[in-house]
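*Asks:* Those protein sequences? They're chains A and B, same order as listed. According to the numbering used here, the first sequence is numbered sequentially starting from 7. According to the numbering used here, the second sequence is numbered sequentially starting from 2.
If you're looking for bench data, these hints aren't it; they were derived computationally from the structure. We put the beta carbon where it would ideally sit given N, CA and C, even for glycine. Just so you know, not all the hints are guaranteed correct.
What the hints assert, rightly or not - Derived contacts from chain B toward chain A, CB cut-off under 10 Å, selection only:
#: 1; residue: LEU83
#: 2; residue: ILE206
#: 3; residue: ILE319
#: 4; residue: ILE370
#: 5; residue: GLY372
#: 6; residue: ALA378
#: 7; residue: TYR381
#: 8; residue: SER387
#: 9; residue: GLN389
Said to hold, decoys possible - When the alpha-carbon atoms are kept at most 20 Å apart in a straight line, the in silico EDC-like pairs for lysine to aspartate or glutamate are as follows:
#: 10; chain 1: A; residue 1: LYS238; chain 2: A; residue 2: GLU211
#: 11; chain 1: B; residue 1: LYS390; chain 2: A; residue 2: ASP109
#: 12; chain 1: A; residue 1: LYS143; chain 2: B; residue 2: GLU350
#: 13; chain 1: A; residue 1: LYS367; chain 2: A; residue 2: GLU339
#: 14; chain 1: A; residue 1: LYS412; chain 2: A; residue 2: GLU434
#: 15; chain 1: A; residue 1: LYS325; chain 2: A; residue 2: ASP109
#: 16; chain 1: A; residue 1: LYS8; chain 2: A; residue 2: GLU372
#: 17; chain 1: A; residue 1: LYS92; chain 2: B; residue 2: GLU350
#: 18; chain 1: B; residue 1: LYS390; chain 2: A; residue 2: GLU110
#: 19; chain 1: A; residue 1: LYS92; chain 2: B; residue 2: ASP382
Each chain is listed here by its residues.
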Amino acid sequence: MKYEDAIKKYDPVLGIEVHVELGTATKMFDAAPNSFGVGANENVTPVSLGLPGALPVVNETAVEYAIKIGLALGCDIAESCRFARKNYFYPDLAKNFQTSQYDEPIAFDGSLEVELEDGELITVEIERAHMEEDAGKNTHVGGSGRIHGAEYSLVDYNRAGVPLVEIVTRPITGTGERAPEVAAAYVRTLRDVFRALGVSEARMEQGNVRADINVSLRESPDAPLGTRTETKNVNSFRSIERAVRYEIARQATVLEAGEQVLQETRHFHEETGETSSGRVKSDSDDYRYFPEPDLVPVEPSRDWVEQLRADLPELPAAKRRRLLEAWGFSELEMRDVINAGLLDVIEQTVAAGAEPAAARKWWTGEIARVAKQEDAEVTTLVTAAHVAELAGLVKAGKLNDKLARKVLAGVIDGKGSPTEVMEAEGLEIVQDDGALEAAVDDAIAANPDVVEKIKGGKMQAIGALMGPIMKATRGQADAGKAREMILAKINS
Amino acid sequence: MADLTRLSALDLAAGMRAGDYSSTEITQAHLDRISAVDETTGAFITVTADAALATAADVDRRRAAGETLHPLAGVPVAHKDLIVTEGVATTAASKMLEGWVPPYSGTVYRHTQEAGMPLLGKTNLDEFAMGATTENSAFGPTANPWDTTKVPGGSSGGAAAALAAYEAPLSVGTDTGGSVRQPAAFTGTVGVKPTYGSVSRYGVIAMASSLDQVGPMGRTVADAAALHEVLAGHDPHDSTSLTDQATGFLAAAEAGAASGSLAGKRLGVIRQLTGEGVEPGVQAAFDEALTIAEAAGAEIVDIDCPSFSYAVEAYYLIMPSEVSSNLARYDGMRYGLRVEPEEGPVTAETVMAATRAAGFGAEVKRRIILGTYALSAGYYDAYYGSAQKVRTLVQRDLAKAFETADVLVSPTAPTTAFDLGAAKEMDPMSLYLGDVATIPANLAGVPGMSVPAGVAEGLPVGFQLLAPAREDVRLYEIGAGIEAAVNDTRGAGVLAAAPEL
Chain A
7 MKYEDAIKKY
17 DPVLGIEVHV
27 ELGTATKMFD
37 AAPNSFGVGA
47 NENVTPVSLG
57 LPGALPVVNE
67 TAVEYAIKIG
77 LALGCDIAES
87 CRFARKNYFY
97 PDLAKNFQTS
107 QYDEPIAFDG
117 SLEVELEDGE
127 LITVEIERAH
137 MEEDAGKNTH
147 VGGSGRIHGA
157 EYSLVDYNRA
167 GVPLVEIVTR
177 PITGTGERAP
187 EVAAAYVRTL
197 RDVFRALGVS
207 EARMEQGNVR
217 ADINVSLRES
227 PDAPLGTRTE
237 TKNVNSFRSI
247 ERAVRYEIAR
257 QATVLEAGEQ
267 VLQETRHFHE
277 ETGETSSGRV
287 KSDSDDYRYF
297 PEPDLVPVEP
307 SRDWVEQLRA
317 DLPELPAAKR
327 RRLLEAWGFS
337 ELEMRDVINA
347 GLLDVIEQTV
357 AAGAEPAAAR
367 KWWTGEIARV
377 AKQEDAEVTT
387 LVTAAHVAEL
397 AGLVKAGKLN
407 DKLARKVLAG
417 VIDGKGSPTE
427 VMEAEGLEIV
437 QDDGALEAAV
447 DDAIAANPDV
457 VEKIKGGKMQ
467 AIGALMGPIM
477 KATRGQADAG
487 KAREMILAKI
497 NS
Chain B
2 MADLTRLSAL
12 DLAAGMRAGD
22 YSSTEITQAH
32 LDRISAVDET
42 TGAFITVTAD
52 AALATAADVD
62 RRRAAGETLH
72 PLAGVPVAHK
82 DLIVTEGVAT
92 TAASKMLEGW
102 VPPYSGTVYR
112 HTQEAGMPLL
122 GKTNLDEFAM
132 GATTENSAFG
142 PTANPWDTTK
152 VPGGSSGGAA
162 AALAAYEAPL
172 SVGTDTGGSV
182 RQPAAFTGTV
192 GVKPTYGSVS
202 RYGVIAMASS
212 LDQVGPMGRT
222 VADAAALHEV
232 LAGHDPHDST
242 SLTDQATGFL
252 AAAEAGAASG
262 SLAGKRLGVI
272 RQLTGEGVEP
282 GVQAAFDEAL
292 TIAEAAGAEI
302 VDIDCPSFSY
312 AVEAYYLIMP
322 SEVSSNLARY
332 DGMRYGLRVE
342 PEEGPVTAET
352 VMAATRAAGF
362 GAEVKRRIIL
372 GTYALSAGYY
382 DAYYGSAQKV
392 RTLVQRDLAK
402 AFETADVLVS
412 PTAPTTAFDL
422 GAAKEMDPMS
432 LYLGDVATIP
442 ANLAGVPGMS
452 VPAGVAEGLP
462 VGFQLLAPAR
472 EDVRLYEIGA
482 GIEAAVNDTR
492 GAGVLAAAPE
502 L
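Okay, chain A solo, but in the shape it has when bound:
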């Protein structure tokens, strides 16, 4: 069954679990570094390796980040909550249990407003946000690279114990045909929240943010929830949309055939855009959860929570709305600015005195072009204050666009502020009428034939005088003014 038909016949319900790796200096329960890109099994201690006798200790910064996430999502923050052990055997799990939160999450009962492309707002209810540790990473060697048929497997425990916060939604209903878009927009909005809070780099491609997408179908919004599938570890916004789309169509096909959707985990395949059956999930999964006896309960003081709440930065959705109104950008312009990660620096540039349109033009235009050319981060090239100064010089008529680009190049090369570069290199538009007048007089005297043509009404012949004038003033003449002066002198 095609998606378009499926969505006409069935009401989709989503449930999304997002894991975010926190950007703490050390791991969730031990002092091993939490960093990316080192050799296998270098970021480990006896705790990450689950050596006999090793004990966990809770990372306070991770708790702080989890509380910030909870507050940003409008959650209640638990006065006391415990970790639990989720027991199962797998080689990437050094202790053969994962330390997680089970029935006592640190944050619960929140919501997140998600804005779709056309500006429609959807409120996603958050059931809970809880802390847990990541597992290590298995690499299967030989065969197809999958566990079946592999000759042997290697385990890297660098990731074991990296702090995670898992955010679980309540069932997301009422999205109708926009379900795929809502799913992606929700995760994108969360990603932006993580970045605004500074709790994670939140890079999807590095697996900092991973989404498990639950989808179920029902005959109508009044019907009870259908059987859901959980598509694990979908790692890009586009993949999320495709996975939801695929699952809706697939489940509808199953239901149309009079069969039942199996409650199972599924895997998404980038190449085909399809999902495939993973493991049948049933009530027989028994993780034998019990409170982690090696850790005392986490009891964030109310003072601390209130302090964190007071210090929360403005969240991306609110900021976007505020700035859209203040700056008068189009939706498309705003989206480009946000996607390029330039919102903050443009805001700073405006705060430094630039007009919003000028700030946007410089950052998304010439500076972005140079950055791309030099493979550098845009914001490392030049400061917001300098861009504002540059825009100010243009506005004051001291620079035209072409000259301003030259000045910018000098600023990027570290030659000083825009004003300094302009003065040092003599790039200021000539304002001195005397110098311009002399150049105009010289040009008129040297080109009597051209003057005759102008007198005869061939106005475009003025261009022939502009060349010598610009040459004499090294390009700094104000062309409009020179034109006025030529006409005045010829017609006088």
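Fit chain B to the supplied structure of chain A, relying on the hints for placement.
*Replies:* Quick look at chain B alone, frame taken from chain A:
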């Protein structure tokens, strides 16, 4: 020179300070004693003679150079082979960890190293501390120095036997349900289970995290107090380590040893732990010690702790539950034993299964299975949940009892040491019931101590004291008072009644 192995740890320390003998002489004397008798006692799994002598020589050199040293510097110590010791094989008395040499040290071992205490070796225990006889060791049983046909108790049986056989002046044990106190009782020595959180568990191979506590063992209360001061202290590596730590154990023991210290002290006799179920000889020795204490001015109070009747059952749900999870990491994937299946495919799962089948002994498997069952969905509330409720009741009973008594007392164990091999004939449940007196302290996190009460039919009997949490000093003061009063009456320490090996 006197036989240095017969002196108390504090006397050895004083002798070194006075220049009477060196740490090297003391350490060598103990190593010689180990060579002479350990074949009989089997107290040690590993003897670290070279490392011990190196530490001793270093301490002697530093003392000669006039450095300020820890009061126990140069006094040798034995660690139970459950304590992780960097560079020294640590087995937990299990085939699972045979040959594992740790890359790090437990906090308590680090503390004794920093104090300059030579490590004599690693003492025998029941596998992963599971047992009450030290017969569940993969490396053979330990014999009781009082009678080598008897068990030394367990699980810290090697630690206790090493003291009673004068192979070590001090031992570090661990106590999850009585594993320090019961072997102390069976060998006529002193064993303390501190308040939960007094001593760090970091680098102590876990059996049941919410119950485990490292404990000092010695031949005198004062020696145990001095060792406790070395072991204790807040440890940022252990989340359950107390931040506000009690101190002054040795001073309390010294005050308690002074005559008249028992006057007015209220000893609460726990009704549920005396009389029925206690061997007559044990009861008689306990009663006699009580009479001696009363004569010294102590007041005897009757205490009712009804919840204690359920303590063993609760313990044998909580402990195995935690065991089943704590021992999951021994799977042949990273360290220790690795066994491939004899037939069928070799996968991570089959290697884990084969390794665990081959590496764990019967008692360990029994507890893993019990705990796995108790935590299973649908059973959790009935088993683990109910057991936690009993735990709360035990804490309440104790809190109430301490309103009318300074310490609670009972025989440490209902019997004296039993015959080697006898436990195998017993059903596990009746063996578990032997822990009835010691388990409540672990469930409630309060400190407990066993001091020698006397002798019954040639074997020592232990006298247990319990104090409120963080009141370990009370144990040392009153325990030393009982010890002094009993020794006065006998004319010598109880251990002096042990026959020569």
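*Asks:* So which of those numbered hints doesn't the model satisfy?
*Replies:* 4, 8, 15, 16
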